[in-house]
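Here's the letter readout for the chains.
Number of protein chains: 2
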Amino acid sequence: MKFIDSTLNEVDASVKLSEKAFQGYKTIDAKKRAAFLRAIADEIEALGNELMTTAMRETNLPEGRIIGERGRTTGQCRMYANLIEEGSWVEARIDTALPDRLPVPKPDIRKMLVPLGPVVVFGAANFPLAYSTAGGDTISALAAGCTVIVKAHPAHPATSALVAGAIENARIKEDIPTNVFIHLYGADFQVGKALVEHSLVKAVGFTGSFAGGKALFDLANKRPTPIPVFAEMSSINPIVLLPNALESDAENWAQKLASSLTLNVGQFCTSPGLLIGIKDEHLDKFIAALTKAIEGVLPGDMLHSGISSNYSRKAAQALSQPSVTKLSKPEQELVSQQGTPILASVPASEFLKNPLLEEEVFGPFALIVECRDKDQMVSVIEYLQGQLTATVIGNADELIHNKDVINLISQKAGRLIVNGVPTGVEVCPSMNHGGPFPASSDSRFTSVGIDAIKRFVRPLAFQNFPQSLLPKELQDENPLAVWRLFNNEWRK
Amino acid sequence: MKFIDSTLNEVDASVKLSEKAFQGYKTIDAKKRAAFLRAIADEIEALGNELMTTAMRETNLPEGRIIGERGRTTGQCRMYANLIEEGSWVEARIDTALPDRLPVPKPDIRKMLVPLGPVVVFGAANFPLAYSTAGGDTISALAAGCTVIVKAHPAHPATSALVAGAIENARIKEDIPTNVFIHLYGADFQVGKALVEHSLVKAVGFTGSFAGGKALFDLANKRPTPIPVFAEMSSINPIVLLPNALESDAENWAQKLASSLTLNVGQFCTSPGLLIGIKDEHLDKFIAALTKAIEGVLPGDMLHSGISSNYSRKAAQALSQPSVTKLSKPEQELVSQQGTPILASVPASEFLKNPLLEEEVFGPFALIVECRDKDQMVSVIEYLQGQLTATVIGNADELIHNKDVINLISQKAGRLIVNGVPTGVEVCPSMNHGGPFPASSDSRFTSVGIDAIKRFVRPLAFQNFPQSLLPKELQDENPLAVWRLFNNEWRK
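First to last, the protein sequences are chains A and B.
So for the first sequence, the numbering used here puts the first residue at 7; every next one is plus one.
So for the second sequence, the numbering used here puts the first residue at 7; every next one is plus one.
Just so you know, these hints were derived from the structure itself, not from any lab.
There's no promise every hint is true.
If chains are identical, the list can't say which one is meant, so a pair holds when it fits in one copy or spans any two.
To be verified - Pairs of lysine-lysine residues, derived as DSS-like cross-links and limited to a Cα-Cα distance of at most 30 Å, are as follows:
(1) K228 with K291
(2) K199 with K220
(3) K220 with K22
(4) K298 with K220
(5) K8 with K38
(6) K498 with K37
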């Protein structure tokens, strides 16, 4: 099957159709939008085995992983459906009039969040379902009342086509306006560029490489009318290893971290790529155990040949830097798209001099930074760029004594983990998936969990409006029974 | 008195001090921060008459206006103090662990909003107190736990110095770390540029011209590490005049709009600069009444000579465009900094062809766009750029029949007004002061009201954290008694 790139004329026509659809979709009741999202989940499940085999064929991901990801995708649809059906997420605030106030009367003002307009979504290569065609960006935007144009990821076009078909079936079943969701192909960068630059597009969601996300961010900011881009990009997810934890538990942490960093051939944006420890006998013991554990993991097929060749190239680049020592055994002859887990180490003094060593090596690669002492460890943490996650491993007492370290690293990441691994992004209200640049383009938002909907809305205030012209969420009688800040008091 | 620009070395040193102060300030209890904000209000009031006379001298604003603005400024300090003392604004979410969940256990995750870091604030010329040194940007950032560097507006340096002194007194009285607030002078653009480009600065607040705000926005996005800029910039605040309202009430609306657009010599960002009506006898009657009312308003002193010469230039430019008719009488000889109210009209067909006519003329200037019919009125609304406000004036019935017009214009503005005037920005939870570009650089945020604090914070998730290392807002016992989403349920 062939997937043909949209022409620039088709891009223009699609955005115009999306904008037209937005005019209808934004006024549709939340209940109806919720039914649409649930129908999308049902239709994805109805694709059954065909979706499984297609996604596995296009991504080399194992069946268990695809099944899990499908559950996550349909779970997200139902989570946003529940959120908008309940309705309080619109942050309704009502301040009633004080006509007798002096020196001037106070008018009646009410405010809530409203959708921005057509949103362009670029799916991720490594999550063909949960961060792709019907992934978190698409579903949170549709939940908000935005229309969505997805540019299918060129690495899994058939999977994307199947999911797009499911969304279209759901749309028809639930009688949602045509073109609320539009699916385009664009292996060529020109298609994505034209979408981001189109004057009727109001926001962009992206998950992928730093180069890709930053390019879209720059395009969006250079428009005559800039638009927000939420790009989830690059992270090496540092792990700080405190000495006592290694003394008492080196073997256990070596096993856990080896599993985390080699899971799905290291193709997670939260894969731990940087381990920071203080050079002593316990770190040596930990390194020996981790090296052994990693050497025991077989090379696996990566998502596609572009990813695997990029992995080889970036890993080789890191390994060729001054004072970097490769710890794991030389690679075997690899079959085409495989990626071998690699562990390397570097003295902190060298790490602090060489920005190349902070670049993400997407795949099962980790670099251990060996620090002379705690002061140098602090310098390494201070030096780090923004991250999706940061992890601290330590015994109960030493965590308390290293509050300064935790405080410092908290400024570098969107999610902090104590004595755990960063892989495994729970979909729940408390999740934050995002972080200081370059982890994401705007640390003020998350791309996972209910709050991801906030990326695609803006507040709109209504002053002196007659009841009949107000959205239901702001009417006196509160027909949707949402939580509202009513004259400075929470009411339902 | 002379106010000397900071050198670039002083800028660098100031930002470093601000960052150092942030490390302490961000961990200070909200109660203590609240006391600091209240002390700022007290100290501003304690400046008494000196602040009044200085601000009046530097801005030409009348005493009543300065008194009102001082009340608004101190009111904002106390409003944010109340907000952070209550504490629920941090959007705490807690999801407790499910260690027995299959296929993988669910970890304990908690999330809240945390401050970004040092914030640079550029005050507004037209609000020497409420949008300036201790204005909404500064106080909401301090409330959030950010440190602040204010670049004093060169048009009112002495006022700014007095207020900076009040903040410093409050800081000392409440035992807040040194350099939490830093005050710099920088009439030269290089000072502002160096502040926005400094790697330790994490966000920018700005109120002023489009040229100024856009320049800072571009600088911030071109940094190696881009940062968010909230710039409140340019708006002509369209008023849609529906025919029946003019038929029944032309004289009344003419009076109200004349007052609104000439208030304080039109120097409000919400001043109504564009009136859109359908050409008929009622519009003619309204125009005649508005012309007469505006001619009855005496020229007033503008904020400073730069503003008045800019007003003359921009008004002359608009009046010289094809088919623009000046309706108000020729100006008298003006004394140096005065601005005369000016009313002009243009056929919609011309307005739609000439982008110069959509540019803000900051001052008491309004352009009436005369439409052939409702279709053409819709075209004019569709054509408009983003605005802070949009107003619709109509009788009860015709408002209902013009839902399409209200729906359309709602996409163009941050605040909609029915049968009122856009000037007068209430400080209350429901206020939205911001709007689609170019009204502001990010329509997802407001710069007035409690939600303005959201510009300077980001979510941070804590996974598997021991209780003693969690912020109080996220501890099991909820010692601050804030509202939290606890396992998907609101609890306090």
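The hints, checked one at a time:
When the C-alpha separation of K228 and K291 is checked against a cutoff of 30 Å, the pair qualifies neither within a copy, at 51 Å, nor between copies, at 45 Å. In this assembly of identical chains, K199 and K220 lie within 30 Å of each other by CA distance both inside one copy and across copies; the values are 12 Å within and 22 Å between. Proximity of K220 to K22 under the C-alpha cut-off of 30 Å is found in both arrangements, the shortest distances being 26 Å within a copy and 27 Å between copies. In this assembly of identical chains, K298 and K220 lie within 30 Å of each other by CA distance neither inside one copy nor across copies; the values are 37 Å within and 55 Å between.
Proximity of K8 to K38 under the C-alpha cut-off of 30 Å is found in neither arrangement, the shortest distances being 35 Å within a copy and 64 Å between copies. Taking the closest pair of Cα atoms, K498 and K37 come within 30 Å of each other both inside a single copy (18 Å) and across two copies (28 Å).
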